[in-house]
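Participant: Below are the chains, spelled out letter by letter.
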Amino acid sequence: MAEKKNEKKGIVMVEALNQALMQEMTRDNNVIILGEDVGKDGGVFRVTDKLIEKFGEERVIDTPLAESTIVGASIGLAISGYKPIAEIQFSGFIPSAFDQMINHLSRMRWRSRGRYSCAVVIRSPNGGGVKALEHHSESLEAVYAHIPGLKVVIPSTPYNAKGLLISAIRDPDPVLFLEPIKVYRAIREIVPEEPYTIPLGKARIIKEGTHVTIIGWGAMIKTLIDVQNSIDIDLEIIDLQTISPLDTETIINSVKKTKRCVIVHEAARSCGFGAELAAQVYENAILHLKAPVVRVTGFDTTMPLGKLEKYYIPDANRIIEGIKEVLKF
Amino acid sequence: MDKQEILHAYELMVLSRLFDSKMLALQRQGRLGTFASSQGHEAIQVGSVMALKKDDWVAPYFRQWPAFIALGYPMEMLLQYNSGDERGMLIPKGINVLPVNIPVSSQIPHAVGLAWGFKKKGQKKVVVCFLGDGATSKGDFHEALNFAGVFKVPVILICENNQYAISVPLKRQTASKTIAQKADAYGIEGMRIDGNNVEEIYEAVIKAREIALQGKPVLIEAVTYRLSDHTTADDASRYRSKSEVEEARKKDWRIILKNKIINEGFWNESKEKQLIKKLELLIEKAVKKFESIKPVDPMDIFNYTFNEMTYQLKRQSETFKRFYPNG
Numbered sequence: 001m002a003e004k005k006n007e008k009k010g011i012v013m014v015e016a017l018n019q020a021l022m023q024e025m026t027r028d029n030n031v032i033i034l035g036e037d038v039g040k041d042g043g044v045f046r047v048t049d050k051l052i053e054k055f056g057e058e059r060v061i062d063t064p065l066a067e068s069t070i071v072g073a074s075i076g077l078a079i080s081g082y083k084p085i086a087e088i089q090f091s092g093f094i095p096s097a098f099d100q101m102i103n104h105l106s107r108m109r110w111r112s113r114g115r116y117s118c119a120v121v122i123r124s125p126n127g128g129g130v131k132a133l134e135h136h137s138e139s140l141e142a143v144y145a146h147i148p149g150l151k152v153v154i155p156s157t158p159y160n161a162k163g164l165l166i167s168a169i170r171d172p173d174p175v176l177f178l179e180p181i182k183v184y185r186a187i188r189e190i191v192p193e194e195p196y197t198i199p200l201g202k203a204r205i206i207k208e209g210t211h212v213t214i215i216g217w218g219a220m221i222k223t224l225i226d227v228q229n230s231i232d233i234d235l236e237i238i239d240l241q242t243i244s245p246l247d248t249e250t251i252i253n254s255v256k257k258t259k260r261c262v263i264v265h266e267a268a269r270s271c272g273f274g275a276e277l278a279a280q281v282y283e284n285a286i287l288h289l290k291a292p293v294v295r296v297t298g299f300d301t302t303m304p305l306g307k308l309e310k311y312y313i314p315d316a317n318r319i320i321e322g323i324k325e326v327l328k329f
Numbered sequence: 001m002d003k004q005e006i007l008h009a010y011e012l013m014v015l016s017r018l019f020d021s022k023m024l025a026l027q028r029q030g031r032l033g034t035f036a037s038s039q040g041h042e043a044i045q046v047g048s049v050m051a052l053k054k055d056d057w058v059a060p061y062f063r064q065w066p067a068f069i070a071l072g073y074p075m076e077m078l079l080q081y082n083s084g085d086e087r088g089m090l091i092p093k094g095i096n097v098l099p100v101n102i103p104v105s106s107q108i109p110h111a112v113g114l115a116w117g118f119k120k121k122g123q124k125k126v127v128v129c130f131l132g133d134g135a136t137s138k139g140d141f142h143e144a145l146n147f148a149g150v151f152k153v154p155v156i157l158i159c160e161n162n163q164y165a166i167s168v169p170l171k172r173q174t175a176s177k178t179i180a181q182k183a184d185a186y187g188i189e190g191m192r193i194d195g196n197n198v199e200e201i202y203e204a205v206i207k208a209r210e211i212a213l214q215g216k217p218v219l220i221e222a223v224t225y226r227l228s229d230h231t232t233a234d235d236a237s238r239y240r241s242k243s244e245v246e247e248a249r250k251k252d253w254r255i256i257l258k259n260k261i262i263n264e265g266f267w268n269e270s271k272e273k274q275l276i277k278k279l280e281l282l283i284e285k286a287v288k289k290f291e292s293i294k295p296v297d298p299m300d301i302f303n304y305t306f307n308e309m310t311y312q313l314k315r316q317s318e319t320f321k322r323f324y325p326n327g
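Line by line, the protein sequences are chains V and Y.
Note that the first sequence covers residues 1 to 329 in my numbering.
Note that the second sequence covers residues 1 to 327 in my numbering.
Source of the hints: derived by calculation from the structure; they are not laboratory data.
Heads up, some of the hints might be wrong.
To be verified - Listed next, the in silico DSSO-like pairs over lysine-lysine satisfying Cα-Cα at most 30 Å (straight line):
| hint | chain 1 | residue 1 | chain 2 | residue 2 |
| --- | --- | --- | --- | --- |
| 1 | Y | K121 | V | K54 |
| 2 | Y | K314 | V | K83 |
| 3 | V | K40 | Y | K152 |
| 4 | Y | K314 | V | K207 |
| 5 | V | K40 | Y | K216 |
| 6 | V | K259 | Y | K216 |
| 7 | Y | K260 | Y | K22 |
| 8 | V | K50 | Y | K120 |
| 9 | V | K83 | Y | K289 |
| 10 | V | K83 | Y | K120 |
| 11 | V | K50 | Y | K53 |
| 12 | V | K50 | Y | K121 |
| 13 | V | K54 | Y | K22 |
| 14 | V | K54 | Y | K120 |
| 15 | V | K40 | Y | K53 |
| 16 | Y | K216 | V | K83 |
| 17 | Y | K260 | V | K83 |
| 18 | V | K202 | Y | K314 |
| 19 | V | K202 | Y | K321 |
| 20 | V | K54 | Y | K138 |
| 21 | V | K83 | Y | K278 |
| 22 | V | K256 | Y | K321 |
In isolation and in its complexed conformation, chain Y is listed as follows (with noise of 0.2 Å):
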């Protein structure tokens, strides 16, 4: 990365975790439902996506919001979504990610079958497929790994191995030393770095890049911590100490690369401070908007669920209508 990749990185980085701290506070006044707050997410999200083409897609699960940030997603439809709505997961076109995927590494095969897929068609481009620790004990991991390499597919699973799937430890996930030395059960590319240094990041993702699209899957384990609770519906403090945060604090890049850059000489307190200003204006700007976003029509459940609207679901939607006429 140069100069001007890492600051951009880093703005990207510092808007995210801005950003999660402005939803966390919407989410304790009741503006906002229940959600997956990615601090010590960052670097790995922001780093993985800038190292992608225009084309490539982006499979997440469900703590991505950097992700979201670096690909140009709108905040205020990420807000929409968390507030309970789901227009907000209504992609704008010219962005290529999946919607946001719940239940845990059932992701991980859709990704698969989109890299697949464009292999197929002779498109050069490759998926990248977030998912957490917890993610690698389930069947589905083992199942689309195992067919990712069979099939030689263009995809790169990025594991953020941040030490917890909620309360349970990674050593009660698994007993490997590693999660990248799964990938040699698959016969893949496995790789381990820091998840708080994005440009060790970025430049893995660039080579993983270039070995999937070689025919060679690649599962990047990003070591990291999961510095808030699970969700805003979670208390870590049930089950990992003061102490353990704070050591974890210590390595956040939040505090590295900040130092790392005013170190190197182009980055300085005033500028820092000029770019928070700048970034909370674009914030509260996203929060307007959302704010400003008229309430769901109550007939859109019957939205979406097939093309066309099915018999049952006309007759179910027009006794609905009797009750709300005005929507």
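Same shape as in the complex, but just chain V (with noise of 0.2 Å):
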């Protein structure tokens, strides 16, 4: 049945990482999932849906309500052989288990000189755009990008989704794999049935251009290419489908050749990932440009609830003004 619905319409991003988790789980015995709700019930949105039936209670794992340990139990479990997946059910609680990740998770490797290393995957939704409770549509990844020894993936499709997840479960490093809460079930696609991996690390020049370096990831992503359709702006659109290790290479390439860059982000615009980026270009690029970098983000407040989250989000016209401030010049 899934693979005749994939065949013909393809399939959407819950159903993709929920695929990869099975492939990965049944290829190697020692991948466990542990989180909040993730057996009976699948997970509030799905991803681990039915993975109970298949590998039993032993290895997807209701753990108690307690972000903290659902991490820093993964940390001991990792040392003891095991290759946990952990879900944080909704982005705002990710800050509950950020001491164990930024204390320990991060730098075990570093403290016992490499005789211990915590290849931990933690899961959780990011970002907004589906008018859920406060807490629910955070968009911290610049946050975790700060920390030396993390990983931070965020995948934009059902096909990236499939190969970054079963990348991250192979990586020897602790990944914290950051899902596009509006993605989720808004994109269909095909996906192959059979696992793939696609690098980590590695940026994706999603529509190669000429005028304009455009770079976004996650559920931005979607928006740019609507952008792209809507003009006759030749943009060279960039996914950076992992956060760190940043891929400077393909931005700097890209850039020198368009010689404008726009950096689109749904998160705060102060010291969000952004910044770095500009920082980057800046340092690497500078006097190739004939612009000064725009960013086109989302405001120093807090995440609004559901009535005004549109305006918060960068949406369509303001990033086509980003593209025209960069072509004034």
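Assemble the dimeric complex from its two separately framed chains, guided by the hints.
Facilitator: In structure tokens:
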């Protein structure tokens, strides 16, 4: 059934992620899933749907409601030889586990001089756009990207979600895998049935272009494609895919070619990941630039609830304005 | 504990005390950095480690030098670590211990996860996790004990109740009568023992080990007193009286255990002198080894963040190398 559906209309990101988990758990008995409601309920977004039926409750574990220990226990489980995939139910609950992430998960390799490592994947939704409750629509990726020793991955489509998650699970280092909540069921795409990997730390040029390099990730990618379809300006669209470690080379080569750069993100502006990207562009390509880098971002406020979130998240109008800005020069 | 075991414990405890005093002296001379003295905790740590089997594990916090010594960790590496050289925490193969853990109580979830993993793999081993009384106020303590209870994890939590978390006394940490009673809230086993009585500790951990392997985690409250300052950067006279410390010294195992074995007729002052001489020599040897360790290569900064160096780290290390071409 699933296969037929895939052939005809493709599958959504939730299904692609589920496929990746199913296949990796089949491949490696040490892969286990733990988190709140990941078992019988299949996760509140159904990403872990039916996994408990196939792998049992020893490998798909409903835990007590305790984010810090979901991550903290994953560290111990990893040292005992397991490959834990911890789910944090919503983006605003990751900070409860932040101490374990910044103080332990990301530095156990360093602290033990390589004797122990924590090859843990933490999966969590990211961003807004679905009119959720407070604390359910956060985009804190820049905060996590600032942590040495932690990789931060954000897929944008069903296809790259599957390949990136499989790579994250096979990676020897801890990976925070942030799934854009808005894309979970918004895009349908043909996804190969068999397992495949997409390397971490590599950006992807979605569309080559000559006028402006425009960089985004996660849910912003669909908006960028919609923007391109509505204007005559020839954009080179880069989907970062991995925030940390950053693929500086792809960005710099593109900017050297187009000489103009717009960065788009949903998160708050100041100290957002766009600031690092702009710094990289200035450090490595300032003499190639014809215009200052423009950032189109959320605001330095709390993420609003449902009524105002569409005004917070960059939309086509604001992005087009940003593109026009770099073309003034 | 039989006679042999008591003497073995006594030797490890005296070694730990002498080593600690040596570290304090080296710290005062500027040869070591800030560290937490473990005087008053030797009986708990040595007794616990002696009760473990070869494959069991230890999750330490930062006042754990007697446990490391009892595990056979090279003393020169403890000196190296406390001098600010991370290579001292490259745990030798065959010693089952997690690295020193600084943020209070954050090691407890690791210990629970590790023991849980062993159980899931069908391995019959336990993890002993040490913590202080201050740790019992933190969220990770409660989350992790709750997890341990729910998943019936073979973990033994040994709370060294030394009456103080830096300057804050136990009555400011909890309104509970005991720390051991907190076990009840999580459906796990609680025990309360004298932290200066190595035999009591040894027996308690042997019993706890059996209970833990049957699927009931154990919280042991071992009551003692922190005889030293919190760390070498602390001055405990600001918050506790001389008379209080003098009172506590009367209960120190160093006096009580020594008198006990002398009274029981298998120890005397001449054996004591010989032992101290032997142990001081061991310590001197470790200090010499520590002093002959080659300085760490500054390029070592770039190792161990990731399994493979990232593009960014490679670029940063190349720039750095220009300033330190000869390491």
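Participant: Starting from the hint list further up, note which numbers the structure goes against and sort them upward.
Facilitator: 6, 9, 11, 13, 15, 17, 20, 21
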